[in-house]
Amino acid sequence: MLNRARLARRRLLHADGRAFRQRRDGGDTVTRAADISCVFRIHLARVRREAGPFLLAALVFPSAMYLFAVAVGGAEVAHDESRLRLLAGSVVFSLSLTSISWLGYLLLENRFTGRLKLFATLPLAPSSYVFGVLVFALAQAALGTTTLLLVGRALGVPLRPNVALLVLVVVLTILCLCGLGVIIASRARSFSEGSLLTDTLGAGLVLLAPVYYAPEMMPRALRVFAQLLPTTYAARAVQTTLAGGHDIGGELLALGLMAVATLALGFRLMKWRED
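First residue of the sequence shown: 7, per our numbering; consecutive thereafter.
Hints were generated in silico from the structure; no laboratory data involved.
The beta carbon of each residue, even a glycine, is placed where N, CA and C say it ideally should be.
Be careful, since some hints might not be right.
As the list claims (entries may be wrong) - Restraint-style ranges between C-beta atoms, simulated for each label pair: (1) Ser196 / Ala270: 17 to 27 Å; (2) Ser88 / Leu228: 39 to 49 Å; (3) Lys277 / Ala220: 41 to 51 Å; (4) Leu275 / Pro167: 27 to 37 Å.
All chains, please: the whole structure from these sequences, using the hints.
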């Protein structure tokens, strides 16, 4: 009888402990989600106050590059496949500018104006800051990509998008390019140096890649290097998904590996508290 009572009491205590741990873990999850949402809304509020640079990077420059490439190409880009390739290039251009140039600028500003120190003094886990920034980057990408596709349809570009694969490509591209922006923002010795590097890399990764022109037009040595750029894989994958295709396994694998590598290195280099 005593043994049965002792066993029942032990089971009750174990059950109470499990319930307590579940409540605690659930509370931590809710708190973490609230922290991520807070970081996201802080950066979103800054974009609402400074909408001009974001619109230039996400919409104006990529749309202008599409129109410029169509005008320069003339009859060579009059057929649907070429126009689809140019639109895919503009989508990748938008992702590169918003992920590296614009987001990198915001991260540099957080670091060199003391905002990152302010975040560090709050009861906020570094991982919540990281995920808040990534959610903000994905929201920017969704807005920019959707608007560019609407612009392309208005200009007569034939679109039969494979939406699920297109979303996956955009997410992997954003994660990969965000990692590069974080690396620059973490290692820059000054705000001006970091701004110059993010602007150069944001545009350079697109201009050096065979995005707005065929690979055969590049010098052979540069062609080998350009084929390894993340923007090259992203442009091919975006073009395929906009045409309704799905044969992008190699591009997804490459973008996924690059995203893991750049994000791991970037957030390892990021100092939550400056010395």
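Verification of the hints:
1. Checking the proposed 17 to 27 Å range against Ser196 and Ala270 shows it holds: the Cβ atoms sit about 25 Å from each other.
2. For Ser88 paired with Leu228, a C-beta distance near 22 Å fails the hint of 39 to 49 Å.
3. Remark: the range hint 41 to 51 Å for Lys277 to Ala220 is upheld by a beta-carbon distance near 43 Å.
4. Distance hint check: the CB atoms of Leu275 and Pro167 are about 36 Å apart, consistent with the given range 27 to 37 Å.
Violated hints amount to a single one, hint 2; each of the other numbered hints is respected by the structure.
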